[in-house]
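Heads up: the protein sequence lines correspond to chains A and B, in order.
Taken in order, the first sequence gives residues 1 to 659; the numbers are from the numbering used here.
Taken in order, the second sequence gives residues 660 to 847; the numbers are from the numbering used here.
The hints are simulated quantities; they were obtained by calculation from the structure and are not laboratory data.
Careful: at least some of the hints might be erroneous.
To be verified - Computed list of lysine-lysine pairs in BS3-like fashion (alpha-carbon distance at most 30 Å, straight line):
1) B:732 <-> A:414
2) A:426 <-> A:414
3) B:846 <-> B:759
4) B:732 <-> B:846
5) B:784 <-> B:759
6) A:516 <-> B:732
Bear in mind that the values here come from a model prediction, so they are computed numbers and not experimental data.
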Amino acid sequence: MIIELGHFALALALIVALVQSTMPLLGAARGNAAWMAMAEPAALTQFLLCALAFGALTHAYIVSDFSVIGVAENSHTVKPLLYKISGVWGNHEGSMVLWVLVLSLFGAAVAAFGNNLPPTLKARTLAIQAMIGVGFIAFVLFTSNPFTRLDPAPIEGNGLNPLLQDPGLAFHPPMLYLGYVGFSVAFSFAVAALLEGRVDSAWARWVRPWTLAAWTCLTLGIGLGSWWAYYELGWGGWWFWDPVENASFIPWLTGTALLHSAIVVERREALKSWTILLAIITFSLSLLGTFLVRSGILTSVHAFAADPERGVFVLILLSVAIGGSFTLYALRAPSMDGGGVFAPISREGGLLINNLLLTTAAATVLLGTLYPLIADALGLGKLSVGAPYFNAVFVPLMTPLIIVAGIGPLLAWKRADLSGALQRLKVAAGVSVIVLIATWVGNGGDLLSLAAGGGMALAAWLAALTISEWVLRVRGEYGLSWQRIINLPRSAYGMTFAHLGMAVLIVGVTGASAWKQERVESLRPGEHVDLMDYRFTFEGASQVQGPNYSAIEGRYSVTRDGQTIANLTPQKRNFSQPPQQTTEAAIHTTFVSDLYVVIGDADGTEGAFVTRIYYEPFVPFLWYGVLLMAFGGLVSLSDRRHRIGAARRAMATAPQAAE
Amino acid sequence: MSASTPQTKRWPFIIPLLVIAALVGIFGKRLSDVSKGADPHLLPTALLNTPFPEFDLVALPGREPGFVTSELKGEVSLVNVWGSWCVACLAEHPFLMTLKRENTVAIHGIAWRDAPEASLQWLAKHGDPYTRIGQDPRSVAAISLGVTGAPETFVVDQAGIIRYKQVGPITPEVWQTTLAPLIAQLKK
């Protein structure tokens with residue numbers, strides 16, 4: 001009964017979304033205030049109905065109602081509660097309901113918090129948001145209905161893929177969806193602005209917090225996914241350039257670009273049509289990601305069950321949404337440009353380079369991901385590109401990006417004098433060169449350590465300049481300086497944290513790529529392996545029982561100079577529902593590096609086990625970097641400028657907030 | 660972008676539309692192929708039932724023999740295209756080791772776009788299920804085989820004719836439902 005209520009609620013949500021996508025739009029065109037005003041209650045109702053549908057589905061998973069096909073196929077009574085809940089979005093149908101829920105959540109948030117928006121812009125934005133809703137709710141109802149019953153109902157369900165039974169992955173999809181579905185708001189704002197025929201600094205100020213919120217969630221979501229891959233897949237890697245990962249990373253790149261170009265629109269009213277284009281592209285890429293993952297046209301390790309019929313539906317949605325908005329763009333955008341002129345060396349110039357590099361990076365990742373399809377379609381034969389391609393093109397693009405990210409915030413708007421910043425640049429360059437040489441020589445002076453030195457130097461450059469930019473803003477007499485530290489806008493702190501986070505992330509990427517060590521040995525109880533300064537002794541293995549699996553658990557003690565540092569207990573789990581093995585790596589972190597142990601198969605007699613041991617330097621820095629970047633996003637989001645009315649125009653006085 | 664000439668050119672604004680139209684065209688074609696039953700995972704008919712292309716691929720240093728097509732003849736074999744950089748290959752690997760242990764069928768490897776040291780290290784770490792391994796650093800073999808991504812596995816019969824191509828990992832399920840029956844039939 002509850003499940004039918006959920007189904008019914010979703011059907012109602014479709015109708016509400018239909019109304020919301022048409023009436024306010026007509027109202028805005030005709031100046032009918034009553035019709036425009038329908039958007040708000042409609043958006044709130046649509047969200048409530050979607051929440052009801054989602055709640056009903058979650059209930060079915062919690063009580064293990066196997067008369068629902070999705071529950072029977074993906075859940076099991078002995079599964080821990082957390083994984084019963086995460087099972088809701090662990091499959092295609094349920095994850096689409098979550099998708100729709102997040103979409104309507106953002107619509108409702110715009111309705112609830114967008115009090116300072118002009119009525120026509122608000123009505124149009126909500127209408128566009130509802131159009132996306134119509135498409136996706138219809139998609140759920142007509143091609144991927146999670147509420148379908150199964151008769152007769154089985155006694156027991158099939159269980160969730162054990163790889164997915166993990167806290168990191170339980171929260172990964174919701175975070176990711178908050179991120180890339182969140183970009184729908186920027187998209188709706190962009191299309192609404194095209195309809196209005198007006199983009200100004202006020203528009204940019206409204207759109208920025210939504211972009212920032214989506215970006216923060218996406219950053220965390222990608223970070224969680226990477227963290228999961230690191231500790232769950234059991235070989236110490238954290239990024240694979242898999243199509244599914246790329247699908248979330250590409251919108252992150254363009255979303256980051258959007259975040260920066262919106263600043264230029266807000267401050268200088270330049271790059272307007274470019275910013276609109278970025279907002280459309282970013283969400284389009286999220287849609288494209290959904291399409292690629294669901295349609296089965298690309299092969300991936302973690303693809304959902306492929307279904308061409310669904311693929312056709314999403315492709316139609318995709319062409320209508322993206323094609324429609326690009327057509328509107330081609331019609332309206334040419335009359336939109338103009339605004340502030342700027343010299344190449346200026347804050348705007350720096351942000352423009354940032355945008356070009358980020359979008360080029362996004363394009364190369366997209367090209368690499370789609371290459372098999374494009375090559376096939378053009379008759380160039382069947383080919384695909386792997387990690388070597390991505391690493392080869394990505395590093396040369398990121399290097400100048402990081403260099404510019406250091407310099408940009410030191411430049412003034414409109415026309416900057418590089419000589420003013422030159423002193424700082426010299427110091428930072430000096431620091432970087434020292435770091436480069438120290439890393440290079442300190443690690444043997446070979447080619448690999450030179451590359452590692454390059455990475456570390458980039459991180460040092462960015463960190464040094466970011467900190468010096470902050471010092472520049474707050475320095476002064478003791479009391480004055482303190483005042484400035486407190487009064488500096490939150491958005492400025494946001495930038496400082498996010499850029500520092502980037503620097504920390506680069507340290508992690510560089511260190512983890514350059515100095516990872518691994519050893520594979522077959523160990524009998526009592527035998528040991530030495531890696532770096534650590535001695536790993538195998539104490540023995542035993543059978544242990546989990547809630548829905550049994551496991552072989554190995555016990556390893558780690559010592560350094562005779563001192564015990566850690567006892568690690570990696571497991572090899574055997575799930576029966578569905579039958580599958582997973583490896584649970586045991587990780588000891590020193591907060592700078594990780595020691596990572598995986599127990600493999602039993603090797604012959606005498607209780608020997610194949611053991612893989614990894615020394616993973618600087619991997620924790622990846623997570624610190626991601627957290628710091630997301631924290632920067634949150635701090636910037638809390639800036640009061642995003643909450644108060646749009647009228648306040650920042651005065652063009654000395655050093656300005658850099659976001 | 661900031662060029663504020665009085666009249667802005669209109670044509671650049673149509674580019675995004677053209678790009679997306681091209682992409683939709685490509686996706687649509689692919690989808691229609693897929694729904695016409697042309698499973699993207701299946702071998703294009705061009706190579707099916709034709710002789711395995713002639714190659715003489717160098718062995719990994721210190722790990723003979725290399726891969727020579729003419730030496731495939733006489734037994735049913737699997738030719739597995741793989742790389743140490745490929746996650747799905749790692750996923751597939753334990754099952755190849757099982758096949759090797761059970762001595763079901765000869766497995767040959769083509770180390771695609773990989774540094775020889777990386778390949779050797781990978782094999783040392785995870786085990787070596789292959790009889791012959793040839794290097795294909797420049798995708799010479801991969802291109803003539805129409806490899807779309809790693810791993811891909813070709814089933815070759817006694818006469819050296821390609822009988823099937825598996826795109827993606829060989830899972831126990833794929834093995835039981837498709838490959839094992841096919842190989843049993845070819846061995847007759």
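Sort out which numbered hints this structure fails and list those numbers smallest first.
Going through the list in order, the structure violates hints 1 and 6 and respects the others.
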